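The chain contents come next:
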Amino acid sequence: MHITEGILPPKWVAVWFAVSAPFVGIGIYHIKRKKRAVPSYLPLVGMLGAAVFVFSCFPIPVIALNGMATSHPCGTGMSAVLLGPFVSVLVAGIALLIQALFLAHGGLTTLGGNIFSMGILGSFSGYFAFKIAQRCKLPLFWCGFLAGTISDLFTYLGTSIELGLLVINKGGSFFKAAAEIFGVFMMTSQGVLCIVEGAVVGFVMVFIYKRRPGILFNLGVIRDDTKSIGT
Amino acid sequence: MDFLHHTFSDVYARQNNWLTRMDVRLKMLYVISLLSINLWAKNVSVPLFFFSVSFIFLFTIKIPFMSILRSLSLPMVFSLLILLVKSLHEGEQVWFSVSILGYKLVFREEGFFNGLHTGSKVLGGISLVITFSFTTTISRLCAGLAWFRVPNTIVELMAFMYRYIFLFLDEVATMWIAQKSRLGHTSWRKMIPSLGTLCGVLIIRAFDRAERTYEAMHVRGYEGGRILTVTLSPWRRKEYIFFIGMVLITPILIYTGGLCLW
Chain A
1 MHITEGILPP KWVAVWFAVS APFVGIGIYH IKRKKRAVPS YLPLVGMLGA AVFVFSCFPI
61 PVIALNGMAT SHPCGTGMSA VLLGPFVSVL VAGIALLIQA LFLAHGGLTT LGGNIFSMGI
121 LGSFSGYFAF KIAQRCKLPL FWCGFLAGTI SDLFTYLGTS IELGLLVINK GGSFFKAAAE
181 IFGVFMMTSQ GVLCIVEGAV VGFVMVFIYK RRPGILFNLG VIRDDTKSIG T
Chain B
232 MDFLHHTFSD VYARQNNWLT RMDVRLKMLY VISLLSINLW AKNVSVPLFF FSVSFIFLFT
292 IKIPFMSILR SLSLPMVFSL LILLVKSLHE GEQVWFSVSI LGYKLVFREE GFFNGLHTGS
352 KVLGGISLVI TFSFTTTISR LCAGLAWFRV PNTIVELMAF MYRYIFLFLD EVATMWIAQK
412 SRLGHTSWRK MIPSLGTLCG VLIIRAFDRA ERTYEAMHVR GYEGGRILTV TLSPWRRKEY
472 IFFIGMVLIT PILIYTGGLC LW
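Just so you know, the protein sequences line up as chains A and B, in that order.
Count the first sequence with this note's numbering and you get residues 1 to 231, in order.
Count the second sequence with this note's numbering and you get residues 232 to 493, in order.
Heads up, a few of these hints could be off.
Among chain B residues calculated to face chain A with C-beta under 10 Å, some are [to be verified]:
id, residue
1, R256
2, T349
3, F438
Under the rule of at most 30 Å between Cα atoms (straight-line distance), these lysine-lysine pairs were calculated in the DSBU-like manner [claimed, not checked]:
id, chain 1, residue 1, chain 2, residue 2
4, B, K335, A, K210
5, A, K176, B, K335
6, A, K131, A, K11
7, B, K421, A, K11
Covered stretches of chain A, going by a simulated chain B footprint (3 or more residues, C-beta under 8 Å) [unchecked claim]:
id, stretch
8, 80-91
9, 96-105
Bear in mind the hints are in silico, worked out from the structure with no lab data behind them.
Since this is a predicted model, take the numbers as computed values, not measurements.
Where a beta carbon is used, it is the ideal one built from N, C-alpha and C, also for glycine.
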């Protein structure tokens, strides 16, 4: 899902950095504002960010291959639900920077593009999917499932758009290229991975709700009317 | 999870050698300017020059070949994939064709050279980044970012996240083995709820640890300000010489990278 170093031409590097910068800026503003009211907020975001980063390193079995190969989740859907979309963009950006520097996944010049797909599209789609599912009074598992699955789908859609846009200069059709890339993503392990990540996020939400509902309440994931939440 | 323990380690950045001793601001300037040149390069010579020089630098500071290869394996696969896809899809002039299981694969010359160009940029860029990461600790990186006026929130959050990733990786590895030994991963049907439980425990522990960490930091005088402990010393003669070297070499690389070799 990460576009690797050197793939994007200079023009698109600048465009994606410009698109991502305001979201990162708003994320910083949100954290600063919250930190003034709750000084322990920054360590909390750091810890949850680290936990989500470790979650994104989980080797998830590729079901189509009956577990003979593994892939890994994005984690942005879960971080958006727990921390809110703007803070999640910032956390995803830092996670991408750490991955680019220390794991050679993604890159520094492609950081803007990767923040757009994984951070912005992944976080906002996951967050709104969760909120809409909550509005529809779906059980907590399905709210988490939709957040995880849809954020993954949008992340891959974002990457497909970014790669599809590269063919415009060469006279190719953007829609055709993006659809083909998205199709390849979905037909290989990633399509199933979206559903698996959704299921894992669903189980996580239910587990936390059963063991420590106060965490979800404190983070604003659920409201106090706990009677209305089925698991 | 073992893969991460091998790759995700700052053990080489903590060694004492000429690259780890180099000022982090200088290294950041070098990496940013060379990455920009790599990005604008119109031929393969400059990216491949970066790739080979990075390899030589990493060998001079005795980074094991397998560690370098482990970091480069994924980008190398990407480069080959790009080369293959571009060779098959771009251009008009047929170079050669092969028939595999009755399916004819036509390789085109223009696509091959385009793929070679992009693949070399991937390798050149990644090798610059890993040279930087193999020789720079996170504390120095954060100090460098703060010096370049990157917002404190980003620097502090990065320091926090990096610090606790290792701790959580250790905890997850222990829980992972415990789940596996109790037959929690025998099939993917069992594995998915097991992963959910594992991650749920991780989030709960993160939440609890955040409270305790804040209390410990508060006792030590933290009131929401900077948490960095590394201070960067002013540049001396050596740093200025490296900086002037960079200023002199950059135009040569830009010129060489701008040449159209085909």
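Evaluation of the provided hints:
no. : hint                 : in the structure
1   : R256                 : 16 Å, violated
2   : T349                 : 7 Å, holds
3   : F438                 : 5 Å, holds
4   : K335(B) with K210(A) : 57 Å, violated
5   : K176(A) with K335(B) : 23 Å, holds
6   : K131(A) with K11(A)  : 36 Å, violated
7   : K421(B) with K11(A)  : 47 Å, violated
8   : 80-91                : holds (count 3)
9   : 96-105               : holds (count 8)
Comparing the model with each earlier hint shows violations of hints 1, 4, 6, 7; every other hint is respected.
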